[in-house]
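Peer 1: Chains as they are written, first to last, in numbering that gives the first Met the number 0: chain A, 0 to 347; chain B, 0 to 486.
The reader is advised that the hints may include incorrect statements.
[As the list claims (entries may be wrong)] Capping the alpha-carbon separation at 30 Å, the derived lysine-lysine pairs in DSS-like fashion look like this: (1) A:Lys266 <-> A:Lys103; (2) A:Lys266 <-> A:Lys136; (3) A:Lys136 <-> A:Lys244; (4) B:Lys151 <-> A:Lys115; (5) A:Lys103 <-> A:Lys309; (6) A:Lys115 <-> B:Lys119; (7) B:Lys192 <-> B:Lys151; (8) B:Lys206 <-> B:Lys414; (9) B:Lys119 <-> A:Lys165; (10) A:Lys244 <-> A:Lys197; (11) B:Lys40 <-> A:Lys115; (12) B:Lys40 <-> A:Lys103; (13) A:Lys103 <-> B:Lys119; (14) B:Lys192 <-> B:Lys134; (15) B:Lys192 <-> B:Lys119; (16) B:Lys192 <-> A:Lys103; (17) B:Lys414 <-> B:Lys371; (18) A:Lys315 <-> A:Lys136; (19) A:Lys115 <-> B:Lys79; (20) A:Lys346 <-> A:Lys309; (21) B:Lys414 <-> B:Lys341; (22) B:Lys341 <-> B:Lys371; (23) A:Lys266 <-> A:Lys165.
[Stated by the list, open to error] Just a sample of chain B residues kept apart from chain A, beta carbon distances all over 12 Å, derived: (24) Gln96; (25) Glu158; (26) Phe196; (27) Asn199; (28) Glu215; (29) Pro344; (30) Val410; (31) Leu445.
The hints are simulated quantities; they were obtained by calculation from the structure and are not laboratory data.
By construction, the Cβ of each residue, glycine as well, lies at the ideal position given by its N, Cα and C atoms.
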Amino acid sequence: MLRRLIYILLLLPMACIDPFKVEVPEGQQLVTIEGIIHNGPGPHAISISRSATYGSVFEGLIRPVTGATVVIRDNEGRITFLEETENSRGNYFTPAGFRAEIGKSYTLQIQTVEGKVYSSLPERVLSSPAIENVSLKTVTIPVEGEIIPRSGVQLISEINDPADQKNFYFWRLSPVVHVLEARPDLFVNRETRTPAPKACCYTCFRTEATGNQSLFIAQDDNFNGLTTRIPAGFIEDNGLRFVSKLRVDLKQYSISQEAFRFLRLVKQQAEISGSIFDPPPATIRGNMISLDNPDEVVLGYFMAAGESSKRIYIDKSDLTFRQIAGIVPDDCRTVSGASIDPPFDWKP
Amino acid sequence: MRKILSLSIFLMLLAGWSCTQEGDATTVVATEEVIFVSGDKVRVLGRLITDQPVTTTDHGFQISTAENFPSPIIVSLGVKEGPGRFIGEAEGLDINQIYYVRAFASVGGVDLYGESIEVKTLNPIIESYGPTFSKPGAEIIIQGRNLPLGTKVFFGTQEATILENQFESRLRVRIPAASTDPIVKVRVQVQNKILEFSQNFEYQSGKYTLLGQFPEGQRIYDNVFFQNQSGFFVGIGSLRLGAGYYQGFQRFDPQSNAWSAVNFPGESREGAFATSNYLGGGAIEVSRDVFELKRDFWRIDGSTFTRLPDLPTNSFNSLAFELNGALFLAGGSGIGTRSIRKYNPTAQTWSTQAPTPIDINNGLAWFVFENKAYFVASDSRIWEYQPTNDSWRIFSSYPGSQGNGYGLAQVIGEKVYIGLYRRTEQFFELDLRSLVWKAKNSVPGLPQSINTGYFTFNGQIYILRAPEESIAGVLPMELYRFDPNGI
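Produce the entire structure from the sequences given, and follow the hints as far as they go.
Peer 2: Written out as structure tokens, the structure reads:
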């Protein structure tokens, strides 16, 4: 009796396993609106696109939203129309001379060709304290399996934080201009594979958008009213940028608390590394809303900020560690963005 | 022992039980933010917050000029299922007025209200408009701020149609018909507030009045015309399609608006020249494209013609003008397209002037102002000829099309009116002091008409127009009076 009972009990855990088919709902192509206006020189850009969806790469293309009517309206009702350019579809630029004014609130209003209307919540422009100084720190980043670490220069902004206002900072870098050294005498004809030295040109000035490797933001909770130094940017050394001189403008924006919260969440999500301590993935709501359907998810954020800027020249001797210099075996002018003439305002 | 064990198990079971107490549902309505304020409109963002499923029978916003919302404007958004954001918009508010706004929701018969937010509607402002000179039916753009949908635009007393109102800041407006004055104020009315631009709007002006037809229904071409104290003279030209030549002249009296025939003792012809005081040259077509050139030269006194000694050269399709009492005969064949001959009436002698910088014939529009002659060259540049030192300089440039040539130019005061070239209807006014051009209204009538005579009297231009020779039908020449400032 007991033996039969054991057999019956052994049968109990047995079960058929059916494969579970996951039905992934087709994602929407969400309208994504982002841009910043500030009190610095323009033009300031607003980009409008539709996000990618799950699926094949062909379905997942990020498509610019073209032909929209885009205006910026201040709290006094003054309207500024933005223009889309032919060679930058989906990007809308403020007219020459436009600058946001400190203390005013701005809203972004968009009407698409389909007639859908989007508006931002008002964003107030706060003054940004001046960047007193920019100091440099060479940073190395170990790379698994590589002997030579990645490296670059961290830009540290020194500011006197005003005590009478709550400040939220956001830093961006302008495109850098650096001396590019090439070896045209090492040029090899690619067809015949024979050396074909060129007489020109060994040295150029290259303009290059490096972007910031991360989002650099800060709030003055811990240094309200104090002078402080905050990491504000990073330029990676790719072996070409720091062979002589590099110029960059560090731009510091005083953004709203809501914009800071948005950027902080984006930063958190972007820096998820897969550890158990990561914040869970989540939808980040911006400040754009659809007037036709307030429940429509609109991605992105329209920022209005005060700007302060500081230009610095970085000499190769400022770096305590540099990558092995790269070799461009050709006329330096063949490199994208390179010119033999320095910018008119190149004053290292 | 077993009892104790049973009791223990029972107590443990009891310990695992718990009571679930249902909490009260919390539903809150928040007036989140005023996201748009203009002259008469506000747009508000609200939110329904709850931790329970909820259905509102109505939700929206209340707007009032008083803080305690005694009789509010209600923006009703109807039934709402579940929590979330909602946006309400109210239009037709008073400009520059303080309002209070709050969100509301009716849940289960209970009205919930959000915080009250104070908002002030904005003042309408006008900034600029353009163009400041145009004609009825065209469009202008008015730039401003807080110009709501009910905005009205007036040109003087005439209300304009607003074709488009972009973001309450850019009005696309159709220009209404003018009333009487060509220069009017442009006013923008928002509710009871009237805003007026300091810059006046000027209507494109120019009124054509049809005075009548050329006598006998005749159409003549390659004719001469001139005016003097006796009136306007039109005559001696070819009749349509080789039907011979029109004999003599018709004289028009602008005061009585009557035509009368005037005898010319010479032969009729084509391509002759004429000024107020002189007439001559031209040719008679004796066979197809075979011309007998005429050198007879006449002095004109009112309606009387006195023959003078013949011209020293042939003159066909030349252009004639008088400066400082002397006659200048320019261009055409015979004289030469780059030559000018000057006639001294006292000595009755002819002299040759310096060569001209442009080709001249009677197809050019030309005029005389302050004892200087001006010619609109075929490249549209206007050349000034100074007879005292026999010199030339570029004066201005004609902005319109010269079509097939043969435009007119007439001076009234310090303004010259140029245009009405063949196959164009453009007519322009040039201020001879400021050199500013202004378009005038187009001439009515058959577009394929040409000028067969033009004169000036009492600040108005008289234009005799004939359909082109190739146009068939009973289409007599028409005489128009053009009032440059007429509407």
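Peer 1: Evaluate each hint against the coordinates.
Peer 2: Verification of the supplied hints:
Annotation: proposed proximity of Lys266 (chain A) to Lys103 (chain A) holds, straight-line Cα distance about 27 Å (limit 30 Å). With a CA separation close to 22 Å, the supplied pair Lys266 (chain A) and Lys136 (chain A) stays within the 30 Å bound. The straight-line distance between the Cα atoms of Lys136 (chain A) and Lys244 (chain A) is roughly 16 Å, inside the 30 Å bound, and the hint therefore holds. Annotation: proposed proximity of Lys151 (chain B) to Lys115 (chain A) holds, straight-line Cα distance about 27 Å (limit 30 Å).
Between Lys103 (chain A) and Lys309 (chain A), the direct Cα distance comes to roughly 24 Å. Compliance with the 30 Å bound is thereby established for this hinted pair. A distance of roughly 27 Å separates the Cα atoms of Lys115 (chain A) and Lys119 (chain B); the hinted pair therefore holds under the 30 Å criterion. For the suggested pair Lys192 (chain B) and Lys151 (chain B), the alpha carbons sit about 10 Å apart, so the restraint of at most 30 Å is met. For the suggested pair Lys206 (chain B) and Lys414 (chain B), the alpha carbons sit about 16 Å apart, so the restraint of at most 30 Å is met.
In summary, the hint linking Lys119 (chain B) to Lys165 (chain A) is supported, as the alpha carbons are separated by about 26 Å, within the 30 Å threshold. In summary, the hint linking Lys244 (chain A) to Lys197 (chain A) is supported, as the alpha carbons are separated by about 24 Å, within the 30 Å threshold. For the hint pairing Lys40 (chain B) with Lys115 (chain A), the CA-to-CA distance comes to about 19 Å; that is within 30 Å, so the pair holds. With a C-alpha separation of about 19 Å, the suggested pairing of Lys40 (chain B) with Lys103 (chain A) holds against the 30 Å cut-off.
Our distance criterion of 30 Å between C-alpha atoms is met by Lys103 (chain A) and Lys119 (chain B), whose separation comes to about 15 Å. Distance restraint check for Lys192 (chain B) and Lys134 (chain B): the Cα-Cα separation of roughly 27 Å lies within the 30 Å cut-off, and the hinted pair is therefore satisfied. Of the pairs offered as hints, the one joining Lys192 (chain B) and Lys119 (chain B) holds, with about 17 Å between alpha carbons and a cut-off of 30 Å not exceeded. With a C-alpha separation of about 26 Å, the suggested pair Lys192 (chain B) and Lys103 (chain A) falls inside the 30 Å cut-off, and the hint holds.
With a CA separation close to 14 Å, the supplied pair Lys414 (chain B) and Lys371 (chain B) stays within the 30 Å bound. For the given pair, Lys315 (chain A) sits about 12 Å from Lys136 (chain A) by alpha-carbon distance, which is consistent with the 30 Å threshold. Proposed proximity of Lys115 (chain A) and Lys79 (chain B) is supported: the alpha carbons are some 22 Å apart, at most 30 Å. Annotation: proposed proximity of Lys346 (chain A) to Lys309 (chain A) holds, straight-line Cα distance about 14 Å (limit 30 Å).
The straight-line distance between the Cα atoms of Lys414 (chain B) and Lys341 (chain B) is roughly 27 Å, inside the 30 Å bound, and the hint therefore holds. Distance restraint check for Lys341 (chain B) and Lys371 (chain B): the Cα-Cα separation of roughly 14 Å lies within the 30 Å cut-off, and the hinted pair is therefore satisfied. Taken as a hint, the Lys266 (chain A) and Lys165 (chain A) pair is honoured in the structure, with Cα atoms around 21 Å apart against an allowance of 30 Å. The beta carbon of Gln96 (chain B) sits about 15 Å from the closest Cβ of chain A, which is more than 12 Å, so the claim that it is off the interface holds.
Distance to chain A confirms Glu158 (chain B) as a non-interface residue, since its nearest Cβ pair spans about 24 Å, more than 12 Å. Listed as outside the interface, Phe196 (chain B) is consistent with that label: its C-beta sits roughly 18 Å from the nearest C-beta of chain A, beyond the 12 Å cut-off. With 12 Å as the threshold on Cβ separation, the claim that Asn199 (chain B) sits away from chain A holds: the shortest Cβ distance comes to roughly 25 Å. Annotated as non-interface, Glu215 (chain B) keeps its C-beta farther than 12 Å from every C-beta of chain A; the closest such distance is 62 Å.
Residue placement check: Pro344 (chain B) keeps its beta carbon more than 12 Å from all beta carbons of chain A (closest about 63 Å). For Val410 (chain B), the requirement that its beta carbon stay farther than 12 Å from each beta carbon of chain A is met, with the minimum near 44 Å. Residue-level check passed: Leu445 (chain B) sits 44 Å from the nearest beta carbon of chain A, beyond 12 Å.
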